[in-house]
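Trainee: Starting from the structure of chain A, add chain B where the hints point.
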Amino acid sequence: MRGERGTAALAAALVALAVSAAIGAAISEVARTELVLAQTRRAAAAALAAADGCLAEVMTRVAPGWDFADLLAGPDGVAGNGDDGSLATPPGCTGGAAPAPGAAATRARILLRIDASAGGGRRALQAVVARGSVPAALLWLGTLPAADAIGGSLALDGVDPAAGAPAWASFAAPAPPETLDAWAAGARVASSNGTLPAWSAGPPSLAALAALVLATPHGDAGTLVTSGAPAPTLAYVGGDFTVTTPLRGAGLLFVDGTLDIRAALDFTGLVVASGGVRVAGGASLTVAGAVWIGSTLAVDGTVGIRADGAAIAAVDGFLPLPRRAVILGQQDLD
Amino acid sequence: MSRGFGLLDLLVGMALGLVVLGAITAAVGTGGRLLRNASARGEGEDTTQMAVEALTFDVRRAGYDPRATGVTPITEAVADRVALAADLDADGAVDPDSEETTAYICRGGRLSRIIGRQSLPLADGITSCAFRYLDEHGTALSLPAAGLDAAARARVRAVAFDVTLLPSGLAGASRRTVVVALRRTM
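Respectively, the protein sequence lines represent chains A and B. Sequential numbering from 1 applies to the first sequence in the working numbering. Sequential numbering from 1 applies to the second sequence in the working numbering.
Be aware that a few hints might be false.
Covered stretches of chain B, going by a simulated chain A footprint (3 or more residues, C-beta under 8 Å) [claimed, not checked]:
#, stretch
1, 57–63
2, 138–144
Incomplete in silico selection of chain A near chain B, CB under 7 Å [unchecked claim]:
#, residue
3, A12
4, A16
5, V19
6, I23
7, A26
8, E34
9, A100
10, P101
11, G102
12, V128
13, I327
14, Q330
15, Q331
Covered stretches of chain B, going by a simulated chain A footprint (3 or more residues, C-beta under 8 Å) [stated by the list, open to error]:
#, stretch
16, 108–122
17, 129–135
Because the hints were derived from the structure by calculation, they are not lab data. Since the structure is predicted, the reported quantities are computational estimates derived from the model, not experimental observations. Glycine included, C-beta positions come from ideal geometry on N, C-alpha and C.
Next up, chain A with everything else stripped away, as it sits in the complex:
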């Protein structure tokens, strides 16, 4: 009898064990499935984030300009060879560029394809890239000067007085953001409240802009006046230009050399100096609009630049200014 009871107890225990094992296995399978799904989602999300990041980095490398001919020509900049359409991309992704449908002749829009791998996943996306607005930076520098080059004062006001107009960046230069921030602090650049932070950008395409100016009816330094309200116009100075008496101007002043200011220059619009700007002690440069400099900036006097989108739009009406690359749309491919 004791043997029969033992057998029954063993059977009951085995049944309980089997049922428990089955339930445990089922729960384990559910958990495993969820884990696999979560890992797949995580990999896909990581790869998508990498693709987005890669596209953002590629976009920052696209210099402001008029079209995308240089980008479509590939890294060597020469069209018609094997590297046409290939993109220089950060590690972890690859990319290519091709003219967008309907824009092949003008190169005004392109399609960027980005393939990225990260976290065990892989994603691809395609973006439509076009030229957007004129770079809204008060001061666009071709090179970042030494901080002690700003011995005087440099005040930047990025708040456009027009109602609803977007704020401007304080300055742009070809350097990483942290370098720009450090320079602004070291040079004691005074930015008004509301001015956007500096942004990394390649140097302005001043040679191409000079060619455009020369191909457009324009005047020279004589368009600057000593008093009164100057009419907006295009002015091109082929060489260094020194301001020794107070002058006023409006429109575009393109100095294809060094702009040396030893008095007061008050300008509404865009001031361009391919060879740099020097502002002597006691002198001043006051601009409502923007200043683009191909080389160095040295300030012992006073420089004040404030945003004026209308003034830049007026210049853009005389001749098309270079524009930033913008994303018109994007779709995930796989």
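Mentor: Chain B only, in chain A's frame:
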């Protein structure tokens, strides 16, 4: 000396057997409920996640416009409905009968994705569901009952989506909030 197997022994044995059987039944029942709940909870989370991913996918590509014909990314912006458009095949037009036109509708406890003219239920058991429309500063635009007009829709830079799903028989709900930016940098 054995006196055999008496009535008392039988009763005690049966009582013990019933106790053991009850314990096993209770364990099996509890395990089964746990399994069902875990499966339902997992399915609810999956469903919610897939709905969010589908919306993310469509919002990201809204306004895709390779021919620059002026495709409007968001064609309808209401609290319980958003409609999106894209020129995916680059033919210069948005086909209302294809996936170039998608919409998401939360009504009657169901979240549906409308592709062209086809409705695809994404989730049932929706207890709350709302779309918000954010401007360039990340501020939610004031949303009239009739939805945003064209001028307000042009200011939208991101779509926020809050959804809660509670499958029947479950106490715990699945919640997601996602903010998806339109892929336009102009």
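Trainee: All hints, please: hold or fail.
Mentor: Hints, one by one, checked against the model:
Coverage of the stretch 57–63 of chain B by chain A holds. Counting CB-CB distances below 8 Å, 5 residues qualify, and the rule asks for three or more. With 0 residues having a Cβ less than 8 Å from any Cβ of chain A, the stretch 138–144 of chain B misses the three-residue criterion, and the hint is violated. Proximity of A:A12 to chain B holds as hinted, the smallest CB-CB distance being about 6 Å (cut-off 7 Å). For A:A16, the interface hint holds, the least distance from its beta-carbon to any beta-carbon of chain B being 5 Å, beneath 7 Å.
The closest approach between the C-beta of A:V19 and any C-beta of chain B is roughly 5 Å, which is under the 7 Å cut-off, so the hint is satisfied. Satisfaction of the interface hint for A:I23 is found here, the shortest Cβ-Cβ separation to chain B being roughly 4 Å, below the 7 Å cut-off. A cut of 7 Å between beta carbons decides the hint on A:A26: the least distance to chain B is about 5 Å, and the hint holds. Given hint, A:E34 at the interface with chain B, holds; its Cβ is 5 Å from that chain's nearest Cβ, closer than 7 Å.
Annotation: A:A100 was flagged as interfacial toward chain B, and the flag holds, the nearest CB pair being 5 Å apart, inside 7 Å. The beta carbon of A:P101 is positioned within 7 Å of a beta carbon in chain B (closest approach about 5 Å), and the interface hint is therefore held. Residue-level restraint check for A:G102 holds (minimum Cβ-Cβ distance to chain B is 5 Å; threshold 7 Å). At its closest, the beta carbon of A:V128 sits 5 Å from a beta carbon of chain B; the interface hint therefore holds under the 7 Å criterion.
For A:I327, the suggested interface contact is upheld, since its CB lies about 5 Å from the closest CB of chain B, less than 7 Å. Contact between A:Q330 and chain B, as hinted, is supported at the beta carbon level, the nearest pair being about 4 Å apart and thus within 7 Å. About 4 Å separates the beta-carbon of A:Q331 from the nearest beta-carbon of chain B, less than 7 Å, and the hint is met. Counting residues of the stretch 108–122 of chain B whose beta carbon lies closer than 8 Å to any beta carbon of chain A gives 0, which falls short of the minimum of three for the stated coverage.
Chain A is given as covering the stretch 129–135 of chain B, and this is violated because 0 residues of the stretch bring a CB closer than 8 Å to a CB of that chain, at least three being needed.
Comparing the model with each earlier hint shows violations of hints 2, 16, 17; every other hint is respected.
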